[in-house]
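Undergrad: Taken in sequence, the protein lines are chains A and B.
If you read the first sequence in the working numbering, its first letter stands for residue 18, the second for the next number, and so on.
If you read the second sequence in the working numbering, its first letter stands for residue 4, the second for the next number, and so on.
In case anyone wonders, no lab produced these hints; they're calculated from the structure.
Bear in mind that the values here come from a model prediction, so they are computed numbers and not experimental data.
Some hints here could point you the wrong way.
[As the list claims (entries may be wrong)] Estimated spans, in silico, between C-beta atoms of each pair:
#1 THR747/A with GLY175/B: 17 to 25 Å
#2 VAL36/B with SER214/A: 41 to 49 Å
#3 GLU62/B with GLU599/A: 56 to 64 Å
Each residue gets a CB set at the ideal place from its N, CA and C atoms; glycine is no exception.
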Amino acid sequence: MVKPFNILSNRKGRVEGKAKVTGKALYSAEYELPKLAHGVLVGSTITNGKIIGIDTSIAKEIPGVIDVLSYWNKPNIAALENAEKRKDFPIHHTFFHTTKIDFNDQPIALVVAETLEDASFAASLVKAQYEENKDMDIDFDNVRKRVDLNDMKDDRGSSSNWQNAPHIVDQEYEIAMEVHNPMEMHATIAQWDSANSLRVYDKSQGVNAVQNNLGALFNLDPKNIRVTSEFVGGGFGSGLNMWFNTVAASLAAKQLNRPVKVVLTRPQMFTMVGYRPESWQRVKIGAATDGKLLGVIHQSKHTKSQNHHFSEGITAIAHKVYGFENVQRNATTVPLHLSSPTWMRGPGDSTGTFGVESAIDELCYKMDVDPVDIRMKNIAPYEMQTGNPWSSHFLDECLQRGAETIGWENRPTKPLQLKEGNWYTGYGMAVGLWNAMRRHAGASIEMDKKGNLVIRTAMTDIGTGTGEAIVNMAHEFLGIPREKIKIELGDSIHPKAVTQGGSWGLSSLSGAIAAASTALKEKLATYASTNDQQWKAASIVLGENEISMQGKPDQKVTYASLFTKNNLDTIMVEEYSSAGEEREKYGFCSSAAHFYRVKVHALTGQVKMDRMVIVVDAGTIVNPQAAANQIIGAGVGGVGMALTEKQEVDINSGRLVGNDFAGYHVAVNADVPLIEVSFIDKPDPHINPMGAKGLGEVGLIGAAPAITNAIYNAIGVRFRKLPVTPDKVTSSFNSSA
Amino acid sequence: MRDQPSSSKTYSRRFFIKSSSAFAALAVIPNSVKAFYNHIKEIFVPKKEILPLSLRINEKPYSLDVDSRTTLLDLLRENLQLTGTKKGCDHGQCGACTVHVNGERVLSCLTLAATLPESDVTTIEGLAKGDELHPMQEAFLEHDGFQCGYCTPGQIMSAVACVQEGRTTSVGEIKEFMSGNICRCGAYNGITNAIQSIAK
Ligand code: FES
Ligand code: FES
Chain A
18 MVKPFNILSN
28 RKGRVEGKAK
38 VTGKALYSAE
48 YELPKLAHGV
58 LVGSTITNGK
68 IIGIDTSIAK
78 EIPGVIDVLS
88 YWNKPNIAAL
98 ENAEKRKDFP
108 IHHTFFHTTK
118 IDFNDQPIAL
128 VVAETLEDAS
138 FAASLVKAQY
148 EENKDMDIDF
158 DNVRKRVDLN
168 DMKDDRGSSS
178 NWQNAPHIVD
188 QEYEIAMEVH
198 NPMEMHATIA
208 QWDSANSLRV
218 YDKSQGVNAV
228 QNNLGALFNL
238 DPKNIRVTSE
248 FVGGGFGSGL
258 NMWFNTVAAS
268 LAAKQLNRPV
278 KVVLTRPQMF
288 TMVGYRPESW
298 QRVKIGAATD
308 GKLLGVIHQS
318 KHTKSQNHHF
328 SEGITAIAHK
338 VYGFENVQRN
348 ATTVPLHLSS
358 PTWMRGPGDS
368 TGTFGVESAI
378 DELCYKMDVD
388 PVDIRMKNIA
398 PYEMQTGNPW
408 SSHFLDECLQ
418 RGAETIGWEN
428 RPTKPLQLKE
438 GNWYTGYGMA
448 VGLWNAMRRH
458 AGASIEMDKK
468 GNLVIRTAMT
478 DIGTGTGEAI
488 VNMAHEFLGI
498 PREKIKIELG
508 DSIHPKAVTQ
518 GGSWGLSSLS
528 GAIAAASTAL
538 KEKLATYAST
548 NDQQWKAASI
558 VLGENEISMQ
568 GKPDQKVTYA
578 SLFTKNNLDT
588 IMVEEYSSAG
598 EEREKYGFCS
608 SAAHFYRVKV
618 HALTGQVKMD
628 RMVIVVDAGT
638 IVNPQAAANQ
648 IIGAGVGGVG
658 MALTEKQEVD
668 INSGRLVGND
678 FAGYHVAVNA
688 DVPLIEVSFI
698 DKPDPHINPM
708 GAKGLGEVGL
718 IGAAPAITNA
728 IYNAIGVRFR
738 KLPVTPDKVT
748 SSFNSSA
Chain B
4 MRDQPSSSKT
14 YSRRFFIKSS
24 SAFAALAVIP
34 NSVKAFYNHI
44 KEIFVPKKEI
54 LPLSLRINEK
64 PYSLDVDSRT
74 TLLDLLRENL
84 QLTGTKKGCD
94 HGQCGACTVH
104 VNGERVLSCL
114 TLAATLPESD
124 VTTIEGLAKG
134 DELHPMQEAF
144 LEHDGFQCGY
154 CTPGQIMSAV
164 ACVQEGRTTS
174 VGEIKEFMSG
184 NICRCGAYNG
194 ITNAIQSIAK
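Construct the complete structure from the given sequences, taking the supplied hints into account.
TA: Structure, rendered in structure tokens:
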């Protein structure tokens, strides 16, 4: 059976595009299983304390209700049977195995019923008794003052010898709690095929990780667990972890011996699958009169939950982008009575970059120098922490092209210069950088008698265009027409691959596709070679109906005769690849330059993105349309981060306020212009066989400070706290008037 | 079949829920008292009402029995396995569930199925004519008007309606009238370009 991923026929756009525009693509909540029951999670109504009892009697009276799982009613799981063992698991896998409540809406029960309506209604009738502890830490602004910074122990140079620099900026920056909110809500369908065999459809960025996590929980060989995430409705980091919906569905399916589906509600998406932590940072930068950046002190604090350690390297960026000879870093995390944060697009670096890129802009206005010039002058000449040369790094070209495209030369160099009616116009820029990584991934290729290929990998495609990238890479390595390639991915029955995230997906996969392509050509060479005619694997080109030798137009053999001669049904190859010793020799990074024009309304405080130009160096661009789309989407995310996104927390109760799309504002179509993206598109010589460096994060990193820098250029007000909502802009006008 | 409204309407559901702890004690109460409570409970627990509904979805007639609480969205996704229509919020805030009812765009998560007798519903599955895609679907493919694809059916259904409404005369207008459809992947260039290519 052809999987929906490949309903090609007309081959416009991505390989899986037709499935997506016709509604045939199946996401994790959409598989039809016989006797499927619906589970709805119930969250705690207190924020801190202990659950001492649960009253499910009314819920169970509701017709259609099958069972209510909780601490008091669940299958026995040996791995979680005592507190000591539970320590091996993250708190969000063990909610039904603890009575401790550490945040509001912590899952306390799962109501399972025949229909979603029955389950939802019954969930509203579950009552819990608590011992509430009103002594809780909610307010980051206050609590962080009690928590001391730690030395990050990787300082460079000295932090004392530049304190008398002629130009110094020393400021604090804050970013609100942001929530990933992929459009598809996290969902799991779990079914036990036998006591030792679990089948899961899960919204996840990595099926092998879910497989391993469930294996550890249920004491199963991961081989006996199959996890499918064929279509994933976005992630942005929320799908890097396995969360409680997966555990709850698996527990319920085990207890009831029938398949159970658990879909989070949108409000639960704010409390059960992570978020970008609220953060504070201090950035102190000193510069010489000639614009050389002398030193940086970067300090940060961000929130985490009570029982799950999470730390993102907000200050790591201080080492990366510029050639500071003196770097001092201090950081810490602040435990609050909130759910656990997790990595969100550009984790750490996008937060830290807001601080550093804002501070440099402040410095430029102080010194009266061009923000582009000062960056050009200070780009790290090599990877600062290792001393390794960059494998490839074209941030300077990004800066030049971006400046040209937006007309940077003609910008006003001082605020409040451009005004039309009530709209002020301003220009701002900033840069982003992300370490280009490569990790372990596998792929297989199966060829049939007609020369059609099926390429398989466990890696997911969360919207980045992995499927189409594989098609392009295989076409590149084998010469095979694209139409002859089908893709199967996002399933743990396929060759293992690293979780998709961190911008390493394509980089990791390209090695596996290259290796599998080579292996296929070697097999073909062996099968094709005869005493009279030798075939060299490296020169084989796969055509529509036959293979041929590069440079020897007469040497050909059809797939049909090759298969018949060797008595074959299929040819299979499977290969794995990882990064190698090039990692010891070079520094790898992708980079981006953001050049934005904003309009700020003097009366309403509205900030309108007027132009957004993003130029990216991500090595070879394997899939130009999807790559541009990634950067566009990252730019949209940056607009949300800078202008609209803030999850409010009631500091008295620990409850989230307005945790849905009406209360939490993501950027919509009208909030952004048509974003202008271009790529340097030069291959990196060492990172992987394609020379592709990855670009999922880098388009977001630097977007927010480019916006606040542009606002400063427009109205002369420096915003150091995100998001910059209209109320903040109007009150800044009022206070400066 | 349809139940007649009973006297239970005079008691609020809230009152029932508040008295729930009384039911928790049922286990230790003599049978006669239990029977009495069960009687009371029947008055208070809102009965599941199953209503007959006939309508057309993608030109196909359906005769169904639907739960009075079932939204058009859940009818499509959970009962009819027409999962092309997506749930992004269930509260009318995201547009992922957009379908056409009698030719106009409607949020299916805010529409109770039982309110649609004899209606004509078109979902993403009904947009193509057999193998031939709707021009808007083609345009979304050509302009890469999506990434993860989850908001896409809603975007396309809204886009088709948007063109019909005559709200696609400029990029600004398209963006404004497509802003009820959130794309968290941010594929707004592709969405806007796709619509503009059809609007011309
Ligand atoms: S699901 Fe209907 S508007 Fe979001
Ligand atoms: S394509 Fe992912 S939300 Fe729009």
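Undergrad: Does the beta carbon distance between THR747/A and GLY175/B stay inside 17 to 25 Å, or does it fall outside?
TA: holds (24 Å)
Undergrad: Go ahead and decide if the range 41 to 49 Å is satisfied by the Cβ distance of VAL36/B to SER214/A.
TA: Between VAL36/B and SER214/A, where Cβ atoms are some 47 Å apart, the hint holds.
Undergrad: If you check the beta carbons of GLU62/B and GLU599/A, does the distance land in 56 to 64 Å?
TA: holds (59 Å)
The structure is consistent with each of the numbered hints, conforming to all of them.
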